[in-house]
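Asks: With the hints as constraints, model all of the structure from the sequences given.
The chain contents come next:
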Amino acid sequence: MKAPFLRKWIPALLIGVIALTGCAQQNNSAAPDNSVPASNSQAATESGSTDKIKLRMTTWSTADSYEMQKSVLDSYMKEHPNVEISFESVPQNYDDKLIAQFAIGDAPDIITVGDTQVPIFGKNGGLADMTPFIEGDNGLDLNEFYEDIVKYGQYQGKLYAMPKDWTNMAIIYNKKLFDEANLPYPQPGWTWEEMYETAKKLTKREDDKVVQWGLKLPGANQRRVQPLVLAYSDGVVSPDGSKYEGYMNSPGMIKAMQWYSDAYHKDQITPGSTDTDAFKGIDMFAAGKVAMELNGRWPIEDYLKDPQLEFGTVPLPVGPNGANNFVFYGGWSIYEKSPNKEAAWDVIKYMTSRGGSEIFGDFGFVAYKPVAEEKGQATDVNYKSFTDDIPNNKIMPDTLDPDYPKTGKPAFTEALEKILLSETDVKQALDEAAAAADAAKNK
Amino acid sequence: MRKPKSLLRRKEAWIFYMLISPWLIHLIALDAGPMLASLYFSFTEWNMLTPPEWIGLSNYIFALSKDPLFWKSLSITFGFAVLSVPLNLVVGLALALLLNVSLPGTRLFRTIYYLPSQINGVAVMVMWIFVFNPELGLLNSLLGLFGIQGPGWIFDPDWALPSLIFMSLWSVGGGTMIWLAGLKGIPDSLYESAMLDGAGSWKRFVYITLPLLTPTIFFNLITGVIGALQKFGEAYVMTKGGPLNSTRFFNFHLYDYAFSKFEMGYASALAWLLFIIILVLTLIVFSTSGRWVYYGGEKK
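So the protein lines, in turn, are chains V and U.
Position in the first sequence counted from 1, then plus 1, gives you the working numbering.
No gaps in the numbering here: position 110 of the second sequence is 108 in the working numbering, and each next residue is one more.
Honestly, I wouldn't trust all of these hints.
[Stated by the list, open to error] Below 25 Å or equal to it, Euclidean Cα-Cα: the simulated DMTMM-like pairs (lysine to aspartate or glutamate) are:
no., chain 1, residue 1, chain 2, residue 2
1, V, 281, U, 65
2, V, 201, V, 268
3, U, 238, V, 424
4, U, 259, V, 432
5, U, 259, V, 433
6, V, 244, U, 65
7, U, 70, V, 432
8, V, 444, U, 65
[Said to hold, decoys possible] Taking CB as the label site, the calculated pair distances span:
no., chain 1, residue 1, chain 2, residue 2, range
9, V, 267, U, 77, 30 to 40 Å
10, V, 106, U, 275, 30 to 40 Å
11, V, 302, U, 142, 35 to 45 Å
12, V, 107, U, 26, 21 to 31 Å
In case anyone wonders, no lab produced these hints; they're calculated from the structure.
Note that the Cβ used here is the ideal one computed from N, Cα and C, for glycine as well.
Replies: Structure below.
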């Protein structure tokens, strides 16, 4: 009777057969583990009689995004024939595999990381501090990068990652649907209440069934709800990351979550989970099913290609606590135990500054100022709503509390699930969440 | 022509080890190391990044006395097993009885019922997500034809676990094939003599078919229980253990600690607890088997 147990579980624990939803850019589609083995690098090592430097780099990207990064690496290798980089794509189970590689001391030299991973690995180890390389002979002038973005690679004064690309959030709205309803387009500085009222007017019903929603909200995604949280409260966790009681269930949080609950249940201005499931695989905004959506920059390149779609962007609304936003960040780190840190740094330097940014800047925001300006990040009518909001980026609970994945995150997610499921006592749900988060904290 | 017992025993033992040797080699060469390592880790606190720290029995104590979801996930897992295993046994046997009838087209039906159990894993689970879709799914569309507003299935905390139990019937055909093999092993002569004695079909089923099928019931019961207690994929792929933890199977709980919370030590302890539970349960079923499992060649 042991056989199935062992066969299934021990490898699963060590290699990780299943994915972890960590980063926004990672897709959640379920597929068996098809991580790419490091066959290239092995082959290279076997045939390597020359003194070429061999580097391994890993990413969760696939398809176009992978090819784009590969092309940057190819240009680098053309300029530096003594360096050979094998590029491993791990679209599923990225975190699991990475942690397993850390555990056995065999992680790739260059590691793609997301903002939520920096504090975890910064606290527990795995990534090298880049400060000596930045300040070294082959260094970089950090003033050429947006400080607000660079800081996502920092943890407790050390720099663990340099930015690849990033996006914060904005509201994308459908101009046609606004025109139909005779509503003026939203303007920067609008409030969450105004957005709610606007969405109400943009919600259309036929025989009690909603056929068009005013606004698409991010469901139980606790991270994307943070702008609403911070608009009304001081956040889910205390600034020192030690306490949830009094924060996750503060009066401001209750107000924010009541707003959220009303949007789903009382006025149904946003599609519920069964509605979004029904539209799985369809972009509800592009299909004209929702008039506004809270999103990052990701879909904009596709929307621009759609001649039917007339859209605009506007910064996130503000609340009693002012304006706030947050960033999804992708960056590169150097493995702590890499034998070729200098070489890895040189590749990262190339990718994070002009060499990579010129390519990545066509599809996402980059942090390297000269290229960001050339790409019109701060001036383009659609991008401006995002970039104007950079000063309002707030620190996320993941950074305040490195234990967030096991304390506040599951607790808050469960509270959100309760709120989404049916009209519920918001205060009670948040009280329970705060207690659960603190209990996990004090384990 | 009785052979000395010891020689027969020795020969049987030899055949036994030969037959299980692929598994045995696999265990020793590939599994034993990681298994022992996980036993060690279960006594440590280990996040896979910093070296493991010995904490004695703390993980086990935390599981049994403090972890708010330990007992919940265990009861969800047992609830699933208690309902899905008998359901699969009964439906599997019923199908096998039907497919055992020699009629034109029987072979085709055998294939049809067997096929789903061969198409398994994530692809099937993703398909079932669509079947269960409350708005557009196959199930609620069918119910809609009769004017019934179907439930939210896997999206409703009260229906999610029953939905997965229902879905477990998808692979019932695998068991059916084993039932069929068992049925084929029952000699026709027994049925013929029973018919001469005037036994009707129900009596023949109860007094001949069932007793002679007990080894098959035994096998399907044990593998079914073990499989049910190790449910994971459905929770991972379809429900993420939700909604509101209603499908948080024990193994999903374990996975969550290992890879979302980076507590590999605690996850290892959970794995060993499940191992012990399954071991004890299997031993219990085995120990009762002498009383109800009847092997044809055995002397009572």
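Asks: So, for every hint listed, does it hold in this structure?
Replies: We went through each hint and held it up to the structure:
1. 281(V) - 65(U): violated (35 Å)
2. 201(V) - 268(V): holds (7 Å)
3. 238(U) - 424(V): holds (22 Å)
4. 259(U) - 432(V): holds (22 Å)
5. 259(U) - 433(V): holds (20 Å)
6. 244(V) - 65(U): Holds, at roughly 19 Å.
7. 70(U) - 432(V): At roughly 21 Å apart (the allowed maximum being 25 Å), residue 432(V) and residue 70(U) satisfy the hint.
8. 444(V) - 65(U): holds (9 Å)
9. 267(V) - 77(U): 30 to 40 Å: Because 34 Å falls inside the window, the suggested range holds.
10. 106(V) - 275(U): 30 to 40 Å: holds (34 Å)
11. 302(V) - 142(U): 35 to 45 Å: holds (39 Å)
12. 107(V) - 26(U): 21 to 31 Å: Since residue 107(V) and residue 26(U) have Cβ atoms about 25 Å apart, the given range 21 to 31 Å holds.
The structure fails hint 1 only (numbered hints given earlier).
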